[in-house]
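Asks: What follows is each chain in one-letter form.
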Amino acid sequence: MVLTLYGNPQSTCTKRVATVFQEKQVPFKFVAIDFAKGEHKAPEFVAKQPFGQDDDGYIIYESRAIARYIEEKFADQGTPLIPKDLKAKGQFEQAASVEVSNFDVYASAAVYENLFKKFQGQTPDPDVFNALIKKLEAKLDVYDQILSKQKYLAGEEVTLADLAHLPYGSLLPAVGSNAIESRPNVARWFKSLQDRPSWQAVKDGITATA
Amino acid sequence: MVLTLYGYTRSTCTQRVAMTLLEKGVPFKFVLVDLLKGEQKAPAYMEKQPFGQVPYIDDDGFILYESRPIARYIAEKYAGQGEPLIPTELKAKALFEQAFSIENFNYNPIASKAVFDKLVKPQLTGIPPDQTQFDTLMTELGTKLNVYDQILAKQKYLAGDQVTLADLSHLPYAELLHGKAGTKVFEERPNVLRWLNELRARPSWQAVKDGVVAGTA
Chain A
0 MVLTLYGNPQ
10 STCTKRVATV
20 FQEKQVPFKF
30 VAIDFAKGEH
40 KAPEFVAKQP
50 FGQDDDGYII
60 YESRAIARYI
70 EEKFADQGTP
80 LIPKDLKAKG
90 QFEQAASVEV
100 SNFDVYASAA
110 VYENLFKKFQ
120 GQTPDPDVFN
130 ALIKKLEAKL
140 DVYDQILSKQ
150 KYLAGEEVTL
160 ADLAHLPYGS
170 LLPAVGSNAI
180 ESRPNVARWF
190 KSLQDRPSWQ
200 AVKDGITATA
Chain B
0 MVLTLYGYTR
10 STCTQRVAMT
20 LLEKGVPFKF
30 VLVDLLKGEQ
40 KAPAYMEKQP
50 FGQVPYIDDD
60 GFILYESRPI
70 ARYIAEKYAG
80 QGEPLIPTEL
90 KAKALFEQAF
100 SIENFNYNPI
110 ASKAVFDKLV
120 KPQLTGIPPD
130 QTQFDTLMTE
140 LGTKLNVYDQ
150 ILAKQKYLAG
160 DQVTLADLSH
170 LPYAELLHGK
180 AGTKVFEERP
190 NVLRWLNELR
200 ARPSWQAVKD
210 GVVAGTA
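Order-wise, the sequence lines are chains A and B.
Residue numbering for the first sequence follows numbering that gives the first Met the number 0, starting at 0 and increasing by one per position.
Residue numbering for the second sequence follows numbering that gives the first Met the number 0, starting at 0 and increasing by one per position.
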């Protein structure tokens, strides 16, 4: 039976998952959930996804957990996205955690402040936004150091940890931040991720491949 | 060479790693990094942990930072001893990942902010905490814990009937919120309370709940 992804075509977390389907060459059906109509909070949806976000298949939610499941289930096809060797895997976990605690926390809040709030009819607060970007930039200074010595965040091979940055990283210019482009190694790294066919296939919205 | 944990006594992330080392029966040394003296920003420290945060481990020359990855690394390296903390079967493992992600995204941001605002910042600055803000965060946490209560009505732990790293990862902030910070959000939800008290009773947590003071080697 073909795997089904339930999500929103423009959702950052849904794109995170769809990118991995593409990398692993896993065909998937797509069921679009309309946020504007509140479909993600409807009882039938919440029964499967109690936190009311996005999900799939044998019923698994949380985009990074879904990405890991796809990578492990289809480890032998497409791009290897999680190393097997214990220490290399430890480095991957470190990078994946850095994405969560040092990047996403600021990048997603900044995108929320200057973009998603507008969709909800609210007014962005420039002080909040600027404070978040300042923190993000301090973290990206560290990324620039790390990426001056190696090609990707966990070493010389791309991993899930790199790809996880794509959805919010790609929205930063749209909200007025050049934090990525202004750091040479970060810019190089991020562009190489954006050039990947898997991201090109989902960056403007998601459609099914099965 | 014995594994060395570099961290701060009262750091929740340091507790997370120490608890995991104890669960797996892994001897370790502990080196104090005094956050109040800014030792985590010293150049020599930042060569090992470039973000200037605690903790990190040195496992015979292999340096790793970020508490959850360290916990995972220990759980995997020592999979054959102590409590199994990460399932190996594909679907059980994915459900663990789901639960671990929930801790990271649905619980940790609220819990850590609440603890920082109510306990840490007042201690550092002497300015009394904003109770209204804390109450708002607890209302938000309560909404999440309502879902936890549903999940835990049907199974013993968040990923199934076996304890995993996902459950344990909640403890450092839960202990502070349920205790000193004085919220009732855990005790108002019977399944959540049952789950929390079982986790808190574990010897590995009892050993570090008041802070990590020393290693075991």
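No wet-lab data here; the hints were simulated from the structure.
All values derive from a computational prediction rather than experimental measurement.
Here a beta-carbon is modelled for each residue, glycine too, at the ideal position from N, C-alpha and C.
Don't take every hint at face value.
Stated by the list, open to error - Some but not every residue of chain B turned toward chain A, in silico, with C-beta under 8 Å:
#	residue
1	Arg-9
2	Pro-49
3	Phe-50
4	Asp-59
5	Leu-63
6	Tyr-64
7	Arg-67
8	Ile-101
Asks: Mind checking the CB of Phe-50/B against every CB in chain A and telling me if the closest is under 8 Å?
Replies: holds (5 Å)
Asks: Using 8 Å as the Cβ threshold, decide whether Arg-67/B counts as touching chain A.
Replies: Given a least distance of 5 Å, the restraint on Arg-67/B holds.
Asks: Classify the hint on Tyr-64/B as holds or violated, based on whether any CB of chain A lies nearer than 8 Å to its CB.
Replies: This hint holds: Tyr-64/B lies near chain A, its Cβ roughly 6 Å from the closest one there, short of 8 Å.
Asks: Checking hints one by one. Is Pro-49/B an interface residue toward chain A, by the C-beta closer than 8 Å rule?
Replies: The hint holds - Pro-49/B has a Cβ within 8 Å of chain A, the shortest such distance being about 5 Å.
Asks: Under 8 Å, Cβ to Cβ, is where Asp-59/B needs to be relative to chain A, so tell me if that hint holds or is violated.
Replies: violated (11 Å)
Asks: Does the closest beta carbon of chain A sit nearer than 8 Å to the beta carbon of Ile-101/B?
Replies: Interface hint status for Ile-101/B: holds (6 Å vs cutoff 8 Å).
Asks: Would the stated hint for Arg-9/B survive a check requiring a Cβ distance to chain A of less than 8 Å?
Replies: violated (19 Å)
Asks: Have a go at the Leu-63/B hint: is there a Cβ in chain A nearer than 8 Å to its own Cβ?
Replies: At 5 Å from the nearest chain A Cβ, Leu-63/B passes the 8 Å test, so the hint holds.
In terms of the numbered hints stated before, the structure departs from hints 1, 4, listed from lowest to highest.
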